[in-house]
Every structure is written in C-alpha cells, then in structure tokens.
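So the protein sequences, as listed, match chains A and B.
Quick note, this note's numbering runs 2 ahead of the 1-based positions in the first sequence.
Quick note, this note's numbering runs 2 ahead of the 1-based positions in the second sequence.
Certain hints may be false.
Identical copies look the same in the list; a pair holds intra-copy or inter-copy alike.
Below, computed lysine-lysine pairings styled on DSSO-like, alpha-carbon distance capped at 30 angstroms [unchecked claim]:
#1 K109 with K54
#2 K12 with K54
#3 K128 with K54
#4 K145 with K64
#5 K156 with K54
#6 K64 with K128
#7 K109 with K64
#8 K54 with K145
#9 K12 with K195
#10 K156 with K128
#11 K12 with K64
#12 K54 with K64
#13 K12 with K109
#14 K145 with K109
Hints listed in this document are in silico derivations from the structure and should not be mistaken for laboratory results.
There are 2 protein chains.
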Amino acid sequence: MRYQLYYWPKIQGRGEFVRLALEDAGAAYDDVARRPGGLERMMAMMENARDKRPPFAPPFLKAGRLVIAHTAEILYFLGARLRLAPRTEADRLWLHQLQLTLTDFLKEIHDTHHPLGGEFYYEDVKAEARRYAENFRQNRLPKYLGYFERVLAKSAGPFVLGRRASYVDLSLFQVVEGLRYAFPEAMRRAERKLPRIVAVHDRVADRERIRAYLASPRRIAFNEMGIFRRYPELDG
Amino acid sequence: MRYQLYYWPKIQGRGEFVRLALEDAGAAYDDVARRPGGLERMMAMMENARDKRPPFAPPFLKAGRLVIAHTAEILYFLGARLRLAPRTEADRLWLHQLQLTLTDFLKEIHDTHHPLGGEFYYEDVKAEARRYAENFRQNRLPKYLGYFERVLAKSAGPFVLGRRASYVDLSLFQVVEGLRYAFPEAMRRAERKLPRIVAVHDRVADRERIRAYLASPRRIAFNEMGIFRRYPELDG
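The shape of chain A in the complex, shown without the other chains (with noise of 0.2 angstroms):
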C-alpha cells in the first residue's frame, strides 16, 4: 500500500506525526503538497462538491479509497499497519487515548503563540501572549509532561508500552523535539523532573530510519510558521 499524505507544505505541524511513523516502518508515501501541483489538490479536497466525505483540515491520509482526518486517527489506523501498535483492542485503545492527550497539548502550545485564535496576527497578541505563556509554562507544560513520564513509569519501558516501541514513543520524540525549540529555558528546567521522557526521545532519536530521516530534505525545519514557535519573549 502507498500512501498519501496531505499537510500544509512548508511547516512541520501536525502532519510530522504522520510523517514521523511513515518513515519509521520505511512506508511508501507520497507528501502531496510538498509536490508541484500538490497544494492545489489538497485544497479541492477539502472543497470539492465531488467528494462527499471532505475532510475539515489537514492532516489527512489517503489510504486506497479512503480518507482519513486527524492526526491520532490516522495513527490509530496506520499504528497496525505499519507494526507501530499491537493488534489488540485494549492496548490500541489505549494508545489512542494518550495520543488524544497529546493532540490536547499540541493545541495548548500553539495556542501560546495564538491564545486568541489563528486569524490574528502574532504582533496584535503580544501581550496576551505572554500570560498565556507564563501560565503554560507553570502549569500546562508540567501537568502534561508529568502524566507522560507516571504513564512511562508504570509501563515496564522503556517506551510507553513497554519494550517495543510505538507511534505514542515517535510523537513523544518530537513534542520534546518541538518544546526544546520553542521553549529551550523552560525545558531545560522541566527536563530534570523527566527523566523517562528524555530516554525515550533518545531512544526515537537513534533508531536507524529517524536518524536517515531527520538528516534528509524531508525533514522541514523548525521555523515561525508552525505550532512549535521560538519567540524569546514566551520563553520567560
């Protein structure tokens, strides 16, 4: 099966979720908007009259004849497939729902950038900004991390199930990835407390696909158009 991956062409974003998993199994997909002509097609999915189940926003996966939207559900469709998830209901399930959480996060930390919506611009919400980062970084960003590494404790690790990897361990690679850059003061702080997570992101770090990808043009770097933003100002 070859996929194809639909996300906006020029940002990391949600869309490296998927990436993430696809060049960790070394799957065959295409990332449509990042071709020539790609963008367009991505847009007329969304808008087409023809399509009768359009997606709200990117990401989305097609997947032969199907069309799937949000990152955690394309996860949780490729997790078996691609041998990133057991086949079971229960541990599936379960992968599911700390990948939600992870979707509730991302959301947060996007929003610190934009805590009053994403039609403003970043200099008309500066100041708002700043209290919602200060808040993020005190409460939010402890809170979440902190469930992630209970949740690594209990399990026999290193990863979140235990001894083999899954999407859940790739995507929490690329959080701490993401909250280094845009929060290098905080995260070096929060980083003590969290041992755990650390490993696993040095785990992810070094396995042998990653590492290709990480090195390729495939990988987009880091930049002030995606949710993981560097702007000193938010990083206390």
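With chain A held as given, fit chain B onto it using these hints.
Same frame as chain A, now just chain B:
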C-alpha cells in the same frame, strides 16, 4: 454490560456527549461521580498509584476491565455496541473523524470564556474573552457549523450517515443546544443558513428516550461552570 461513566458531577460538559449516547440507547450505566463517594473514586482513579493506565482527565468510561478516556474515543468504542454506529471500518472512521472535529470545536467554544487558560478567573480575562469571542462568532462558529451543514447536504440525509441516526447526530444536537444557550443572538443569525443542522437537532430532540432524558433530573441544567456559558457580553 453495565457501564460506569466518570465525569464532573455538576456540569454537562464533555461528559454530556457520552450521556446522550447511553441514554438514547437505553444502556445501563452509573454516573459514578454524582453518587455519594463517587467523586473521590474518580479522583483516585486518575491519581492512584495502583492503576497501570491512568486517564489524564474526565470523562472516562469503565467497560468491564477497560478504562477508556476522551469523549470521541469513548463514543468510538460505544458506537457499534450501542447501535449508534455501523460496523464497517470506513463508516466508523468517518464518524470518529467528525466527532474529533466537534472536539476541536468544543475546545474553541470553551476558550471563548477562558482564552488564556482554564487556570484564570473569567473576571481576570474579560477583555481578552471579548476579543476571542468576536473572532469566534465571526469566523470560527460559521466555519465549523458550515462544514457540518455541508456534510449533511452530501449525505442522503437527514443524518450525517443518511437515514439512521448516529452518535455524531446526538452530539450535533448538544452543540446546537449549548450554542443557543451561550450565544443566543449569534445562533439566531447563524441558523438561517443551517437548515440541515437545525433539522438534525429537532429530530434528535424528538427521539423518545432523549425526550424522556431531557425531562428527567439526570439532565443537568446549563450553568456558568461548564463549556457553554451565557455571558451576554460575549454574544456581541
């Protein structure tokens, strides 16, 4: 199977989407935290060192030995079991995708009164809430509801999957109820362009078990602690 629903006892909140599905199906369930000692039991399940797979936040559902968190995942799990979703993978994924879009919408609805984070008092973010809510009314509410109106136009109707109601239709009913409570003026204007969504709302409201539930003490009234709050200054 008797289900145990765990959710905050004094608000409809996200738990209400699960309640509506259980009630519509006539399923046997306990609303645990609304019983004596239940709230303590709920908190213990999130914090207790014994549970290997603790949920991050309510709502969560206990079904036998399984504990399932996140509204959309609970409904995905319950859907086919309660005959509120078909059994084919494509249809189940499509419903889940729609429910996850409603999840995103609900977060934005919540943030109209808490734009800087749930840790702030409303009184301390009133000006920010006004700016957030204005953009929400002008851009976000029409975008989300317009999408669902389009989905309904593309289905054979009257429901999102066609002739049979699904848990997504029950959730759409609740979103309309909540928005009418929180933003009566904005909704009065918006509904002129949303005849299909209003029709889903009316059909759901007229289902026998839903009617009985809404008239029962099990239905908590809207109030200013939940997702949908009536602050007239946010309604434009």
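Results for each hint:
Taking CA atoms no more than 30 angstroms apart as the test, K109 paired with K54 passes in both settings, with 28 angstroms inside one copy and 26 angstroms between copies. In this homomeric assembly, K12 and K54 come within 30 angstroms of each other (Cα to Cα) only inside a single copy, at 28 angstroms, whereas the closest approach across copies is 39 angstroms. Taking identical chains as interchangeable, the C-alpha atoms of K128 and K54 are never at most 30 angstroms apart, the minima being 41 angstroms within one chain and 41 angstroms between chains. For the identical chains of this complex, K145 and K64 are inter-copy neighbours only, at 24 angstroms across copies versus 35 angstroms inside a copy, given an alpha-carbon limit of 30 angstroms.
Taking the shortest Cα distances, K156 and K54 sit within 30 angstroms of each other only across copies (6 angstroms), while inside one copy they are farther apart (44 angstroms). With identical chains, the CA atoms of K64 and K128 are never at most 30 angstroms apart, being 38 angstroms at best within one copy and 43 angstroms at best between copies. In this assembly of identical chains, K109 and K64 lie within 30 angstroms of each other by CA distance both inside one copy and across copies; the values are 24 angstroms within and 27 angstroms between. Proximity of K54 and K145 under a CA criterion of 30 angstroms is satisfied inter-copy only: 18 angstroms between copies versus 40 angstroms inside one chain copy.
In this assembly of identical chains, the alpha carbons of K12 and K195 never lie at most 30 angstroms apart, being 33 angstroms within a copy and 35 angstroms across copies at closest. Proximity of K156 to K128 under the C-alpha cut-off of 30 angstroms is found in neither arrangement, the shortest distances being 39 angstroms within a copy and 41 angstroms between copies. In this homomeric assembly, K12 and K64 come within 30 angstroms of each other (Cα to Cα) only inside a single copy, at 20 angstroms, whereas the closest approach across copies is 42 angstroms. Within a single copy, K54 and K64 get their C-alpha atoms as close as 14 angstroms, which meets the 30 angstroms cut-off; across copies the closest is 35 angstroms, which misses it.
In this homomeric assembly, K12 and K109 come within 30 angstroms of each other (Cα to Cα) both inside a single copy, at 19 angstroms, and across copies, at 26 angstroms. Taking CA atoms no more than 30 angstroms apart as the test, K145 paired with K109 passes in both settings, with 15 angstroms inside one copy and 18 angstroms between copies.
Of the numbered hints given earlier, the model fails hints 3, 6, 9, 10; all others are met.
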